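> Sequence:
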Amino acid sequence: MLLQDALVPVHIVASSVADYDEDYDGIYEFDDIASVTTSISNSVTNYRFENGRRYHSYKEGQWPVPNDEKQQNQMDLVHQVYTLRLNGRLYLAPLAECPQKILDVGTGTGIWAMEMGDVHPSAIVIGNDLSPIQPRWVPPNVKFEIDDFNEPWVQTPGTYDFVHAREIHGAVSDWPKFCREAYKALKPGGWIEVAESAAQLRSDDGTLPRNCTLNTWLDNLAEGFEKIGHTVVVGPHIGCWLKDAGFRDITVKVFKLPVGIWPKDKTERDIGAFNLLNMIEYVEGASLQIYTQVLKKSLEETKKNIREAQAEFKRKDYHMYIPFYVAYARKPEDYSW
41 MLLQDALVPV HIVASSVADY DEDYDGIYEF DDIASVTTSI SNSVTNYRFE NGRRYHSYKE
101 GQWPVPNDEK QQNQMDLVHQ VYTLRLNGRL YLAPLAECPQ KILDVGTGTG IWAMEMGDVH
161 PSAIVIGNDL SPIQPRWVPP NVKFEIDDFN EPWVQTPGTY DFVHAREIHG AVSDWPKFCR
221 EAYKALKPGG WIEVAESAAQ LRSDDGTLPR NCTLNTWLDN LAEGFEKIGH TVVVGPHIGC
281 WLKDAGFRDI TVKVFKLPVG IWPKDKTERD IGAFNLLNMI EYVEGASLQI YTQVLKKSLE
341 ETKKNIREAQ AEFKRKDYHM YIPFYVAYAR KPEDYSW
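When you line the sequence shown up against the numbering used here, it's residues 41 to 377, in that order.
Source of the hints: derived by calculation from the structure; they are not laboratory data.
The structure displayed is predicted, hence computed values, not measured ones.
Just to be clear, a hint being listed does not mean it is correct.
To be verified - Capping the alpha-carbon separation at 30 Å, the derived lysine-lysine pairs in DSSO-like fashion look like this:
| no. | residue 1 | residue 2 |
| --- | --- | --- |
| 1 | K224 | K306 |
| 2 | K296 | K283 |
| 3 | K354 | K296 |
| 4 | K110 | K267 |
| 5 | K304 | K267 |
| 6 | K343 | K306 |
| 7 | K217 | K356 |
| 8 | K110 | K283 |
| 9 | K99 | K343 |
| 10 | K267 | K141 |
| 11 | K99 | K356 |
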């Protein structure tokens, strides 16, 4: 930990620091790090604006999706969709009754971390992200950090009961390395959970044509993210990556996230309604930089593709859903340093 921002309760973590005190007090003298932290703090809040949207500036380019209020609303819609899908649960891993330390990697708006802080008042819940967009007022046991999880993790090894990651597929440059870093941060017996929706649409009744606009849009997104070195295909591989990192008791569950109000079941229809709003908002944020900066499409063509995809999401005759993967695994109890 280097600095607490003066405006929001966010700690800035420099990836070159080998270790830091878990109580966040008294390791470094301010005079020794003033020039470094001033530079980092300025870069964190000096946001970049492009095509009417706001993007993070710290480690610019790592995440080609906006961090503005519009995108934050979309992130919170995702949280609503996932919470409904998991019947109100925030996670599926069989945690101990009173975990002491929880890390939410790529916390976004911090909504999951804050709810976990309420559910587990005995735990310190730490959320990290490239953007300081989390609320100022949070539960007393919740802390936020500015950190790049693609760099070597600075968390003290062997100190976390639970590492949680959700919807970070397009931000991770090396998933096997990510799993190894999480393994290192966890206590023996600690759990990791990775929750990722697939970058694909399916229908069980054949109502979604393979050559539809939505599938073309998804193919373009996948191509763009691959070009910047970030895969969006996580779910089918996460179990193997966790196993290779040393995890045991691996469970991968796949759920359906309907898009639209076509399901007859009320719960599925509620999920579909929220997810429709989510996807309509997501299309623009996910597409703008990928299309214009990576795929080199004109802004006019990009906006046209965005409008077409948003309109097609609203089609009532497409009985579509998104596969949603939740994988959790345990660091062995008999692990020795």
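> A separate judgement is required for each hint: does it hold in the structure or not?
Going through the hints against the structure:
At most 30 Å may separate the alpha-carbon atoms for a hinted pair to count; K224 and K306 exceed this at roughly 43 Å. A hinted pair counts as satisfied when its Cα atoms are at most 30 Å apart, and K296 with K283 qualifies at roughly 24 Å. A threshold of 30 Å between alpha carbons decides the hint, and for K354 with K296 the separation of about 18 Å falls inside it, so the pair holds. Under the criterion of a C-alpha separation no larger than 30 Å, the hint pairing K110 with K267 is consistent with the structure, at around 26 Å.
For the hint linking K304 to K267, the alpha-carbon distance of about 40 Å lies beyond 30 Å, and the restraint is violated. In summary, the hint linking K343 to K306 is not supported, as the alpha carbons are separated by about 34 Å, beyond the 30 Å threshold. The straight-line distance between the Cα atoms of K217 and K356 is roughly 41 Å, outside the 30 Å bound, and the hint therefore fails. Proposed proximity of K110 and K283 is contradicted: the alpha carbons are some 37 Å apart, above 30 Å.
At most 30 Å may separate the alpha-carbon atoms for a hinted pair to count; K99 and K343 meet this at roughly 26 Å. Proposed proximity of K267 and K141 is contradicted: the alpha carbons are some 36 Å apart, above 30 Å. Restraint check for K99 and K356: the C-alpha separation of about 41 Å exceeds 30 Å, so the hint is violated.
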